[in-house]
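Engineer: In order, the protein sequences belong to chains A and B. One point on numbering: in the numbering used here, the residue at position 86 of the first sequence is 86, and numbering is uninterrupted. Take any residue in the second sequence, note its place counting from 1, add 241, and you have its number in the numbering used here.
Hints are not guaranteed to be accurate.
Within a straight-line C-alpha distance of at most 25 angstroms, the following computed SDA-like cross-link-like pairs (lysine to any residue) qualify [unchecked claim]:
#, chain 1, residue 1, chain 2, residue 2
1, A, LYS53, B, PRO339
2, A, LYS53, B, ASP352
3, A, LYS53, A, VAL159
4, B, LYS294, A, LEU54
5, A, LYS53, B, GLU427
6, B, LYS294, A, VAL194
Short derived list, chain B residues pointing at chain A, Cβ under 8 angstroms [stated by the list, open to error]:
#, residue
7, ALA304
8, GLN307
9, ALA310
Because the hints were derived from the structure by calculation, they are not lab data. Glycine is no exception: its CB is placed at the ideal position from the N, C-alpha and C atoms.
There are 2 protein chains.
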Amino acid sequence: MTESSAAAAGPGAGGPPVEAVHDPAYHQAVIELLGAIAYGELSAFERLAEDAKLAPTLADKVAIGQMAAAEFGHLTRLRERLEALGADPFAAMETFQPGFDSFHRHTAPADWYEGLIKAYVGDGLAADFYREIAAYLDEDTRDLIISALDDSGHSAFVVERVRRGIEQDPRLGGRLALWGRRLMGEALTQAQRVAAERDALTALLAGGVDRPGLDLAALGRMFARLTERHAQRMADLGLDS
Amino acid sequence: MTESSAAAAGPGAGGPPVEAVHDPAYHQAVIELLGAIAYGELSAFERLAEDAKLAPTLADKVAIGQMAAAEFGHLTRLRERLEALGADPFAAMETFQPGFDSFHRHTAPADWYEGLIKAYVGDGLAADFYREIAAYLDEDTRDLIISALDDSGHSAFVVERVRRGIEQDPRLGGRLALWGRRLMGEALTQAQRVAAERDALTALLAGGVDRPGLDLAALGRMFARLTERHAQRMADLGLDS
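Could you put the whole structure together from the sequences, leaning on the hints where they help?
Structural biologist: Below you can see the structure in the form of structure tokens.
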């Protein structure tokens with residue numbers, strides 16, 4: 001019980017028992033998950049840097065640039081952990097390049113506000129999803145993932161900025177609500193495709209003889225929670241979902 | 242002698258005496274200088290994020306993204322200092338937007354290697370120039386500027402990457418040498434234009450009754466030093482200058 005700090009979590013904390021951490025399938029699933037999060041951060045960085053060009057003022061540009069730089073900051077720790085797990089971090093990330101790139105190609109923002117909503121709704125959804133999965137992982141990995149998802153108060157900027165935009169131009173609200181629905185649809189499409197292709201990741205969610213997993217009913221409840229939180233984010237922005 | 246840490250530097254350390262720090266013209270010059278450096282960092286961030294798209298591998302993309310994020314990290318401290326000086330940081334930065342944007346428009350890299358050279362040569366030249374000016378400033382401002390110019394070991398990545406590229410394709414060397422000369426020419430053109438427009442900054446360099454400045458001979462020597470260091474950087478890359 002002392003050889004790994006994962007043991008400290010114990011099954012009671014929701015993580016797997018320590019034996020699972022040394023299971024090759026679990027090990028592979030963690031590499032895939034960290035690779036997905038790392039590539040997601042890199043592509044969020046690129047997308048935010050691109051959106052910074054649409055910023056109407058220099059102050060807005062700096063705010064978006066700061067969000068982009070924060071995504072990059074998380075990447076360093078994820079890469080280090082992937083290396084510590086004996087994985088090539090770039091190979092682990094590359095696996096998820098087609099899925100994320102396709103998501104971004106299908107959801108290129110037409111203007112500054114669409115970019116803001118995408119940053120807020122997309123990152124929020126991804127963070128919720130990874131947090132749900134993290135509950136099934138050992139403590140070390142869980143802590144790493146949760147700290148990588150910290151938004152450093154950027155949500156507050158987006159909410160304030162979008163609400164101000166809608167105040168100035170109420171027609172904006174209808175368009176942005178539609179945009180939010182489209183983002184959710186595209187995210188689900190891509191997530192489903194990735195899940196179908198990554199056996200180790202889906203096996204992780206399904207659990208195993210020595211660790212708890214999600215049955216179909218639990219998966220349904222998780223999906224309901226993700227949808228509820230998405231609706232809450234849209235409401236925070238002053239938008240229908 | 243105790244009211245400001247600038248006093249600790251004393252004239253012997255190359256900075257102005259403490260009275261100069263409270264001189265409105267000096268104050269304005271410092272705001273202009275910090276605004277120029279801050280906008281330069283923001284535009285370097287944008288340019289590097291754009292160049293990341295040209296990266297041939299994911300590892301290269303991450304390396305360039307990390308350089309971009311580092312530029313952003315410096316920006317926060319510069320903004321805080323501008324605010325402490327009673328200036329609107331965005332207004333201070335905006336002044337320099339046309340000059341930097343024009344420089345970048347005239348030096349859009351055609352490929353990954355041109356982007357790398359531009360990051361290395363451009364940032365190196367800017368850093369040398371600001372360091373030269375910093376010698377004429379109070380200690381606090383000098384320290385802030387010098388820490389904002391820290392390249393966090395990114396130069397080593399560029400040098401290694403460009404040398405490897407030339408090894409693989411020796412014709413690249415000739416084209417990149419020409420590109421380096423063009424970058425130097427454009428940088429001088431823009432610097433001259435900015436100097437002609439910003440009276441407070443040029444007055445700072447010229448000195449005043451209560452602080453040392455640069456006479457024409459000293460300005461010539463400074464220019465010679467900047468050129469020599471540029472030539473050294475080109476040599477480090479394995480390129481003629």
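Engineer: Is the hinted pair LYS53 of chain A and VAL159 of chain A satisfied, with a Cα-Cα distance of at most 25 angstroms?
Structural biologist: 19 angstroms, holds
Engineer: Please verify whether LYS53 of chain A and GLU427 of chain B have alpha carbons no more than 25 angstroms apart.
Structural biologist: Holds, at about 23 angstroms.
Engineer: When you check the alpha-carbon spacing of LYS53 of chain A and ASP352 of chain B, does it fall within 25 angstroms?
Structural biologist: It holds: about 20 angstroms lies between the C-alpha atoms, which stays within 25 angstroms.
Engineer: Checking one constraint from the list: CA of LYS294 of chain B to CA of VAL194 of chain A, max 25 angstroms. Satisfied?
Structural biologist: Since the Cα atoms of LYS294 of chain B and VAL194 of chain A sit roughly 23 angstroms apart, the hinted pair holds (cutoff 25 angstroms).
Engineer: Is LYS294 of chain B within 25 angstroms of LEU54 of chain A, Cα to Cα?
Structural biologist: Judged against 25 angstroms, a Cα distance of about 18 angstroms means the pair holds.
Engineer: Does ALA310 of chain B pass the interface check with chain A, least Cβ-Cβ distance below 8 angstroms?
Structural biologist: 4 angstroms, holds
Engineer: Does the CB of GLN307 of chain B sit less than 8 angstroms away from some CB of chain A?
Structural biologist: The hint holds - GLN307 of chain B has a Cβ within 8 angstroms of chain A, the shortest such distance being about 6 angstroms.
Engineer: Given ALA304 of chain B was flagged as interface, is its beta-carbon under 8 angstroms from a beta-carbon of chain A?
Structural biologist: Since the shortest Cβ distance to chain A is 11 angstroms, the answer is violated.
Engineer: Against the 25 angstroms threshold, does the CA-CA distance of LYS53 of chain A and PRO339 of chain B hold or violate the hint?
Structural biologist: 15 angstroms, holds
Of the hints listed earlier, the one the structure fails to meet is number 7.
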